[in-house]
Amino acid sequence: MKKTYINGVGCISTQKTFDTVFLEEAAVNHDENVLAIIPPAYKEYISPAASRRMAKGVKNGIVASALAMKDANVEKVDAIITGTGLGCIEDSEKFLKSILDNKEEFLTPTSFIQSTHNTVGAQIALLQQCKGYNFTYVNGAVSFESALIDAKMQIEEEEAQSVLVGGVDENGEYTTALFKLNGRIKADNAAPYEVLTSTTSGAVYGEGANFFVLENERKENTYAELLDIAIVNTLKEDEIENEIKSFLKFNNLEISDVDALVLGFDGNAAFENYYRNLTENAFATIPVLYYKHLSGEYDTASAFAFWMASKILKTQEVPEIVKVNSAEKPAYKTILLYNQLNGKNHSFTLLLK
Amino acid sequence: MTKGVAITGMGIISSIGNSVEENYYSLIENKIGISRITNISTVHEDVKVGEIKKTNDELISELQLNPDNNFSRTAMIGTLAAKQAVEDAGITSINEFRTGLISATSVGGMDMTEKHYYDYFEQPELVKYIACHDGGDVAEKIAEQLGLKGMVTTISTACSSAANAIMLGARLIKTGKLDRVIVGGADAMSKFTINGFKTLMILSDDYNQPFDNNRKGLNLGEAAAFLVLESDEIVAKQNKKVLARVSGYGNANDAFHQTASSENGDGAFLAMKKAFEVSGLKPSQIDYINVHGTATPNNDLSEGRAIKRIYQDETVPDFSSTKPFTGHTLAAAAAIEAVYSVLAIQHNVIYPNLNFKTPMEEFDLKPQTTLKNATIEHVLSNSFGFGGNCSTLIFSKS
Numbered sequence: 008m009k010k011t012y013i014n015g016v017g018c019i020s021t022q023k024t025f026d027t028v029f030l031e032e033a034a035v036n037h038d039e040n041v042l043a044i045i046p047p048a049y050k051e052y053i054s055p056a057a058s059r060r061m062a063k064g065v066k067n068g069i070v071a072s073a074l075a076m077k078d079a080n081v082e083k084v085d086a087i088i089t090g091t092g093l094g095c096i097e098d099s100e101k102f103l104k105s106i107l108d109n110k111e112e113f114l115t116p117t118s119f120i121q122s123t124h125n126t127v128g129a130q131i132a133l134l135q136q137c138k139g140y141n142f143t144y145v146n147g148a149v150s151f152e153s154a155l156i157d158a159k160m161q162i163e164e165e166e167a168q169s170v171l172v173g174g175v176d177e178n179g180e181y182t183t184a185l186f187k188l189n190g191r192i193k194a195d196n197a198a199p200y201e202v203l204t205s206t207t208s209g210a211v212y213g214e215g216a217n218f219f220v221l222e223n224e225r226k227e228n229t230y231a232e233l234l235d236i237a238i239v240n241t242l243k244e245d246e247i248e249n250e251i252k253s254f255l256k257f258n259n260l261e262i263s264d265v266d267a268l269v270l271g272f273d274g275n276a277a278f279e280n281y282y283r284n285l286t287e288n289a290f291a292t293i294p295v296l297y298y299k300h301l302s303g304e305y306d307t308a309s310a311f312a313f314w315m316a317s318k319i320l321k322t323q324e325v326p327e328i329v330k331v332n333s334a335e336k337p338a339y340k341t342i343l344l345y346n347q348l349n350g351k352n353h354s355f356t357l358l359l360k
Numbered sequence: 170m171t172k173g174v175a176i177t178g179m180g181i182i183s184s185i186g187n188s189v190e191e192n193y194y195s196l197i198e199n200k201i202g203i204s205r206i207t208n209i210s211t212v213h214e215d216v217k218v219g220e221i222k223k224t225n226d227e228l229i230s231e232l233q234l235n236p237d238n239n240f241s242r243t244a245m246i247g248t249l250a251a252k253q254a255v256e257d258a259g260i261t262s263i264n265e266f267r268t269g270l271i272s273a274t275s276v277g278g279m280d281m282t283e284k285h286y287y288d289y290f291e292q293p294e295l296v297k298y299i300a301c302h303d304g305g306d307v308a309e310k311i312a313e314q315l316g317l318k319g320m321v322t323t324i325s326t327a328c329s330s331a332a333n334a335i336m337l338g339a340r341l342i343k344t345g346k347l348d349r350v351i352v353g354g355a356d357a358m359s360k361f362t363i364n365g366f367k368t369l370m371i372l373s374d375d376y377n378q379p380f381d382n383n384r385k386g387l388n389l390g391e392a393a394a395f396l397v398l399e400s401d402e403i404v405a406k407q408n409k410k411v412l413a414r415v416s417g418y419g420n421a422n423d424a425f426h427q428t429a430s431s432e433n434g435d436g437a438f439l440a441m442k443k444a445f446e447v448s449g450l451k452p453s454q455i456d457y458i459n460v461h462g463t464a465t466p467n468n469d470l471s472e473g474r475a476i477k478r479i480y481q482d483e484t485v486p487d488f489s490s491t492k493p494f495t496g497h498t499l500a501a502a503a504a505i506e507a508v509y510s511v512l513a514i515q516h517n518v519i520y521p522n523l524n525f526k527t528p529m530e531e532f533d534l535k536p537q538t539t540l541k542n543a544t545i546e547h548v549l550s551n552s553f554g555f556g557g558n559c560s561t562l563i564f565s566k567s
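Line order of the protein sequences matches chains A and B.
Counted the way the numbering used here counts, the first sequence spans residues 8 to 360.
Counted the way the numbering used here counts, the second sequence spans residues 170 to 567.
Among the hints, a few may not be true.
[Said to hold, decoys possible] Interface residues of chain B toward chain A, partial, derived using beta-carbon atoms under 10 Å: (1) K343; (2) M370; (3) N382; (4) A421; (5) F425; (6) H426; (7) F555; (8) G557.
It is worth saying that the hints were derived from the structure and are not from the lab.
As the structure is a prediction and not an experimental result, all values here were calculated from the model.
Cβ coordinates follow ideal geometry from the N, Cα and C atoms, glycine included.
This is chain B alone, in the form it adopts within the complex:
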C-alpha cells in the first residue's frame, strides 16, 4: 500500500458553516443548510438551495477588498476558503517552496455576468466585471490574495471538477513537480445553474433524498473548499501535522451521454477501480463511502449499481450522501466532501444520510441514516459530472 499525499490544512465555507469547525458541528448535529433562496432574485422563489448566508457586501468587507474590486461571489468564497486552508497549514511564506494552486469551478463568475449582462453598455462602472466571467479568474484572484506566483490552473469538469483538482495536486506532488499545492474548488449560486437544472427537470422542489426510492432530484448549493497538500520532505522538515492522506484517485469517462449516467455506472465503476489500484487498498478496507448521491433518479441508480459492481458479493461499507446538508455545490462538491471525509477520519464518525425513508427497489443498498461512531481508516469519495466525467478519491488516516 502506498502512503499517499499529506493533507496539512483545510478551509471551507458552505451553507452549513463558515469554517471547518462550523461545518463539522452542523454535520454531527443535523443542522442542514437548505432553505428558500434569499441572495438571488429569481422567479423560482420557492426553490430550496444551500445558500451561504452572507451577502456580497459582507464578503467584500470580510476580505477587506477595495471598493473598485471586481471579485465575483465565486472568487470571494474561494478566497475565503483558500486563506483558511493556508492558515490552517501554518504557511507563512507562500512562495518559500514550489507552491501551486489548482482550483475548480463550473460557472466561474457567472453570478456577476448574469447580474450585469445587459447593463455593461450603459454603466461604465460595471465594465470591470466582464473579465471575471472567465473560469480562470477565480484562481487568479485567489493566487493574488495569497501572493502565490507559481503554477496556477483551473479544472472544469462540471460536478467532478474539485475531485480532479485534488487528483492533479496529488499527482504533482507524487511526481516531484511541486512541493506544495493548494487544491479545491468554488461555485457560487447563480440563476444560470438554477434554471439549467430546472429545465433538465432534476431540481427537487422539496428537501433532497439521496438513495431514496421516492427521490425527486437535487437541491443546488454554493460553497468553496480548499486543502493544502504537501510533500513528505516538507512535512518532515517542518514537523507538520498531517490531517489525513490522499491515498487513491481514479478518473474515467462514462462515454454514455452528455448529461445522463449509464445504467450500470461504467464510468463510476472504472473511476473507483482505478482509485483502488492507485491506493493498493481492497474495497473491503473502506470504512465509509461519501457517495456523490445527488438524489437525482439517474445518479443514485447509476452510482449504486457501480458500487454493487465494485463490492460484488462483499458487504458494502456504511455510506451516506452529505448533500441533504449542503445541497449539490457543483464544482465545489468534491472539495467540501474531501473536507468532510478528512473530518470523518479525524473524528471517527459517519455522517447521516438525511431524508432517507424508502430503500430503492432496484437494489438492497441502504445508506447510514444516523450519526455513527466507528473507527475510520479509509474513506472513499465519489464525484460525477456532466460529460461523463467520473472521479473517485480515497482518503486515509495518516
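Next up, chain A with everything else stripped away, as it sits in the complex:
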C-alpha cells in the first residue's frame, strides 16, 4: 500500500499566509465577528476578464491550488478533490434573491451556474485540463476531511499518484446575517471577541481556501506524511479521549508519541469542553495548539489547521501565537488534529514528519 505525502501547500486565509514564511505577520482580530480573507494578487493567476465573472471562492481556490502545485513543483495532477461547506454561497444568494425580488422573471443564468457546490473543483479541472477523478464533498465540518480520506484512498489503491485536495469556503453577506440570527456567529457589538476565554455561544466567522498536493512518494520538499484520517458523526464529550486513543493505537501510537495536538477551539462556549477536557487531562503535558482565532470558524477551517501542521513539521517551529499551553517538545515529529462542530462531525487527522 502506497503512503501519502504532503508535497505542496497553498493557503489563502484571513491572515497573510502567502508570500510569507510562517505566520510571522499573523494578528488576532478581537474587534470583528466576521473576518474576510486577505486577497492575493489574482491577476497573477487569472486573467482580469475571467476573474470578473468568477465567484470569490472559485478565485481563492484557483490561487490556493496554483500555489500548492508550484510549491510541489508539479504541473499536473491525477485527481482533484474538494471539500466545501456552503460552496459558492454568494452566487446562491444572488440567484435566490433575484428569483424572490423579481418574482421569477428576468433572470440570467450566470449566478445559477456558479452556485453549484462543485464549481471550484470544476473550474480548477477546466483550467488545468485535468480529466481525471473529480469529487466535491459537502458535509459541514468534515467536508475537507472527507476529501482527504478519498485522496488517501486514491493513492493507497494506486488509482492516482498525485491528488490536488483542498477545502474552500466564502462568506456571503446575507448568510452571515442569518448565522448571526441563529447564533452560529457571535452577536454584533460584543467585542472584544475571544476564543479561549469565551463564555458565549457562536463563533467568529472566517473564510479561506487551502489546497494541498498529495503524492505517493517522499520528495525533497515533502512537508509530512498523511498517516491517517477518521471522521465520526456522533460522539459524546466523554467518548473523545477513548476515540483518540483507539485511533492512535490503530496507527501503533500512544498519546505520549504525539508532539503536538491541534484543536478546533472556536469560542463556542457550550462545546469547548470537547477540546478542554483533552488539554486539561490526557494531553496536559503535550503542546496544544489552536488556530481559529486566526482563521475564523467556517466549515473547512480545519484545512487551515492542516496547513499549519504541515508547516510546523517542515519548519520545526511553532509560532507563539498558536500555543494554548506552554508545553514544548525538542522536535515535532507527530501531530494530531482534532475538530468538531456542535458535538457533531468529529475528525481526527494524523501527520508524521
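Using the hints, position chain B against chain A.
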C-alpha cells in the same frame, strides 16, 4: 472479472412511487410521474415536473417528526428512502458493524431557504430552518433518524452526485475501511432549480423525449433513493440475500465547460472506460444501458457519441432513459436509477424509453421504446453533471 460489492437493501421515493415495488410497477406499466407542479407556488405554473405527491405535512406525520423539527423536504424524503433501505437489508442494529452513510444532494435544504429567506428576521419560529440549508444537513438528519454514529459524509457534484456516493461506498467496502455503507442521494423540488434550468433554457415545456431528434429539454423531478452495500464477510456471516452487485465504477471530468458537455463526450467516454476497467467486463457483456438521457440537446448528443466511441463497430446494447417517468431528479438521479438497474437485473427487463419518435440525425442510436424481457446480467448506468462531472456505474447479477 471481480465479484463486486454486494447490494443487500434498497429504498426509494419518487414521483412514480413511494417504495421499490411501486416504482417497479410504474416502470413496467408505463405509469409516468410527470405532471403540472402542485406543491410549490411558482409563476411557472405550467411547468411539468416529476413531483412526489405528498405534502410536507404528510411527510412529517409519516416520519412521526416532532412539531419543532427543522427537516427540509430533501431531508424528509431522504430519511424515508434510507429507512426503507435499512429495513430491506434486514438491519436491526445499525452500529453493530463499522457502518457509514454517504449521501448526495445538489441543493440540500434550498426548499426551506427559498420559502423563508426574507421571513427569518421577522418570524423567530422559522430561524430553526437556517441551519438546514447546509448540504450536509440532509445526511445529518438521516444519520440521526437511523441512529448511525460512524462515518457520515455528503457528495455534491451536481447531477452525478449519487453515482459518486455509490462509488465511494463501494470503494470504502473494497478497501476494508467500512463493513457496511448506506449510499444514495436526495433532492427535493425547488424554485431555485426550476428557475435555474429555465434560465439555461434546457427545461422542456412538454414531456421530455430522450434521444429524440426533436427533444426540447428536461423535466425536473424530485426523489430520494438509498442502497445498502455490505462486505462479503457480513453477507456470508449473516447469510444475506444479495440483490445485485456494484461491479464497476468510473469517474472523470469533461474539463470542457461549466454547464455544457463536450461534443464528443470525453468525460463520459473516460468514465465508462474506467468502469469497464474496474469491473473487468467487456462492453459487449452489458445487456442494458440506463443512459443519463436528460433529453437536453447537449446531453443526449454528447452521451450518444461517447457510447458510440465505447462500442466502435460493435452493436450498442439496448438502452433507455427512465427520465420520461421520473423527470431529472438531479443529485438523486443516479440513486433512483441504481435501484432501477438492480430491478432490471432481478426481473430481467429493459424499461421503455418513453416519448421517443424520431431518431437523432447525428447517429444511428435508437433507444428501446417498449418494455422488453431479456436476460440481464450486467447493467451500465451513466450520470453526468454540471462542472463536467461524469460517472458510470456497472451493476451485475450476483
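Practice problem: Of all the hints given earlier, name the ones this structure violates by number, lowest first. | Solution: The structure conflicts with hint 3 only, although it agrees with all the remaining ones.
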